[in-house]
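K.L.:
Chains A and B, in that order, are what the protein sequence lines are.
Residues in the first sequence are numbered from 1146 upward in steps of one, following our numbering.
Residues in the second sequence are numbered from 314 upward in steps of one, following our numbering.
Worth flagging that the hints you see were computed from the coordinates, not collected in a lab.
Computed from a prediction, not measured in an experiment: that's the story for all the values here.
Careful: at least some of the hints might be erroneous.
To be verified - A short, non-exhaustive set of chain B residues, derived as facing chain A with CB atoms under 7 Å:
| no. | residue |
| --- | --- |
| 1 | W607 |
| 2 | Y611 |
| 3 | L713 |
| 4 | V718 |
| 5 | G783 |
Stated by the list, open to error - Pair by pair, the computed Cβ-Cβ distance ranges are:
| no. | chain 1 | residue 1 | chain 2 | residue 2 | range |
| --- | --- | --- | --- | --- | --- |
| 6 | B | K699 | A | S1205 | 32 to 40 Å |
| 7 | B | G766 | A | A1199 | 49 to 57 Å |
| 8 | A | S1205 | B | L605 | 49 to 57 Å |
| 9 | A | A1167 | B | D517 | 20 to 28 Å |
| 10 | A | A1167 | B | S700 | 54 to 62 Å |
| 11 | B | P698 | A | L1171 | 34 to 42 Å |
| 12 | A | S1151 | B | G814 | 35 to 43 Å |
| 13 | B | D417 | A | L1150 | 53 to 61 Å |
As the list claims (entries may be wrong) - Below 25 Å or equal to it, Euclidean Cα-Cα: the simulated DSS-like pairs (lysine-lysine) are:
| no. | chain 1 | residue 1 | chain 2 | residue 2 |
| --- | --- | --- | --- | --- |
| 14 | B | K412 | A | K1202 |
| 15 | B | K404 | A | K1173 |
| 16 | B | K704 | A | K1173 |
| 17 | B | K533 | B | K453 |
| 18 | A | K1202 | B | K404 |
| 19 | B | K456 | B | K531 |
Just so you know, even glycine gets a beta-carbon here, dropped at the ideal spot from N, CA and C.
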Amino acid sequence: MSLILSPNIPDPDGFYETLINAHEGLTKDESDALNARLILILANHIGDRAVLAAALKAAS
Amino acid sequence: MVAQRYRTASTLYPYSRSEDQDGSVQRHPVVVVGGGPVGLGFALDLGQRGTPVLVLDDHEGPGLGSKAICFAKRTLDIAHRLGAGVSMVDKGVVWNVGKVFYRDGKLFEFNLLPEDGHRHPAFINLQQPYFEEYLFAAIKRAKADGAPIEIRGGNRLTGLDAQDDHVRLDIDTPDGPYSIEADWLIACDGVRSPVRDLMGLSFDGRVFEDNFLIADVKMKAPFPTERWFWFEPPFAEAQSALLHKQPDGIWRIDFQLGWDIDREAELDPARIRTRIDAMLSSQTGDVPAYELDWTSIYTFQCRRMSSFRHGPVFFAGDSAHQVSPFGARGANSGIQDAENLAWKLHMVLEGQADQSLLETYSAERGCAADENILNSSRATDFMTPKSDTSKVFRNAVLDLARDHVFARQLVNSGRLSVPCTYDDFPSFGEDTLNGPEQTRPGASCTDAPVDDGFLLDQLNANFVLLSISGDAPEASDLSGNLFKSLHVATPSPELAARYLGDAHQAVYLIRPDQHIVARWSSFDAAAVARALRNALGKD
């Protein structure tokens, strides 16, 4: 599997809203911690080291 | 005069005057500097093979203090081959239950259930002086059987002149100085290696800005044989804390104190007791009765020499490479250095291999040192995050580890030392078996039951040609070779799983240090001869 960079999320506006809402009322430190946990959970779900490496590269 | 640099735990090899101190300068084939675990292990291995070896040590026994306490399975396998393993395992502590805490709560616990079909557990906890004493006892037994090993205590190296083909050593003793020469010198003289300094060789790497307080505590009441590790413990103003058991009712406690500390104040016994009381009572509310057996503060570095061989001088153990204590990779890797070098030097001195074989020592053990430094640096970076973001991720891992198994594998307080697999070295291969990954060429043999004993017991000196199932190779095809043939007609389930996988039969060529040279699905005399030449560095 290669990294998907074409549209892949149904209801993109709804997802984006959920993501932002998850941070509502959090301090900067709490938000950073949430983001880190989220990245780790998603990374574990993906699992494929090549895909993760490609994602890191795309994000950098 | 030979000044004491440290207190010794016991006197094993008291100074006595040698004939070398009178008359002309004597030449020895192999001289070892340093009678610690690596020097003693090397001398025992070489001497049992029949090569004369002289060990010089400036003390008269093992040093007391903050030393190795965790000996991994590979080390025990080697010690067993050398005749010292049984007393180590009898005395050592085996623990299986570990608990990981974060701030004031327990994150998870694990049970290291031992895998069946091995003589030895994954590791034991044992104070280093015992390890040295048992090696020394095995040396005494080997000497009684004729092994040409000599240990000279109270002999301090003060000068060294390395030529292309020999080394001249200046030595101080209680009776004054004398000199000897050595064809080969093995520097097992520790992290502050005098040999390395006298040769002006560099030792580069990374300093970790942290102080660790060690307290060995003797419990006067029952206390669980478990390993407890805290990240950011709520007590004791430490970044991490570790507790685990050693023999003789001693528990080792480590506190990670950070960089800017007042050493004198931290070593005040009253202050140390306050920390320990808080730790020991954190789970039960009660402080068990205990006494302080030993305390010290250490810092550490990760560094290595660029080459472990300089002409006739070899470096082994901490003199060649230094790692953080996390993962127990210091003494354990040093013992493997010694084992890697002993058979090679013996075969070269016996004329069974060319000197090119000795070149593989630094390459192979350098690879192992890099692996150990990598693992130990990763553990250190997890325990002491080097940036704000690194700390955010570290704490996210710990938060997730409470509920999610996937995050527990990211929690890193040290990865236990396992032997390096020498992948991609020209002296290993072929591999036509399509067998299990763990027994590929370059790997050290994993143990398995054979008959009433264990496989590793049969791999005890020279090259071994191991054939599993199928027919034993014809004796006429093997004659004149440097190996013994071992045929296991009916493999145990563990041997089959670890060495056959899906294959019905297999042939392995195994080095004297129990690393696998090559493997095939059937015996081919020409292929075996080719692999053997390769392993001896002849091509």
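K.L.:
State for each hint whether it applies.
P.N.:
Hints versus structure:
The interface hint given for W607(B) is violated, since its Cβ lies 39 Å from the closest Cβ of chain A, which is over the 7 Å cut-off. For Y611(B), the suggested interface contact is broken, since its CB lies about 31 Å from the closest CB of chain A, more than 7 Å. This hint holds: L713(B) has a C-beta 6 Å from the nearest C-beta of chain A, less than the 7 Å allowed. This hint is violated: V718(B) has a C-beta 10 Å from the nearest C-beta of chain A, more than the 7 Å allowed.
Given hint, G783(B) at the interface with chain A, is violated; its Cβ is 38 Å from that chain's nearest Cβ, farther than 7 Å. Take K699(B) and S1205(A): their Cβ atoms lie about 19 Å apart, and the range 32 to 40 Å is violated. Between G766(B) and A1199(A) the C-beta distance comes to about 50 Å, which sits within the given range of 49 to 57 Å. The supplied range of 49 to 57 Å is met by S1205(A) and L605(B), whose beta-carbon atoms lie about 50 Å from each other.
Separation of A1167(A) from D517(B) is about 46 Å and departs from the stated range, judged on CB atoms against 20 to 28 Å. Look at A1167(A) against S700(B): about 24 Å separates their beta carbons, and that is not inside 54 to 62 Å. Taken as a hint, the range 34 to 42 Å is violated for the pair P698(B) and L1171(A), whose Cβ atoms sit roughly 21 Å apart. Taking 35 to 43 Å as the suggested C-beta distance range, the pair S1151(A) and G814(B) conforms, at roughly 40 Å.
Range check, D417(B) to L1150(A): about 43 Å between beta-carbon atoms, so the 53 to 61 Å window is missed. At most 25 Å may separate the alpha-carbon atoms for a hinted pair to count; K412(B) and K1202(A) exceed this at roughly 36 Å. With a C-alpha separation of about 52 Å, the suggested pair K404(B) and K1173(A) falls outside the 25 Å cut-off, and the hint is violated. For the hint pairing K704(B) with K1173(A), the CA-to-CA distance comes to about 14 Å; that is within 25 Å, so the pair holds.
Among the hinted pairs, K533(B) with K453(B) is inconsistent with the structure: their alpha-carbon atoms are about 35 Å apart, more than 25 Å. Taking the CA atoms of K1202(A) and K404(B), the gap is about 52 Å. The hint is violated against a cut of 25 Å. Note on K456(B) and K531(B): the hinted pairing is violated, with a Cα-Cα distance of about 36 Å set against a maximum of 25 Å.
Consistency note: the structure conflicts with the earlier hints numbered 1, 2, 4, 5, 6, 9, 10, 11, 13, 14, 15, 17, 18, 19.
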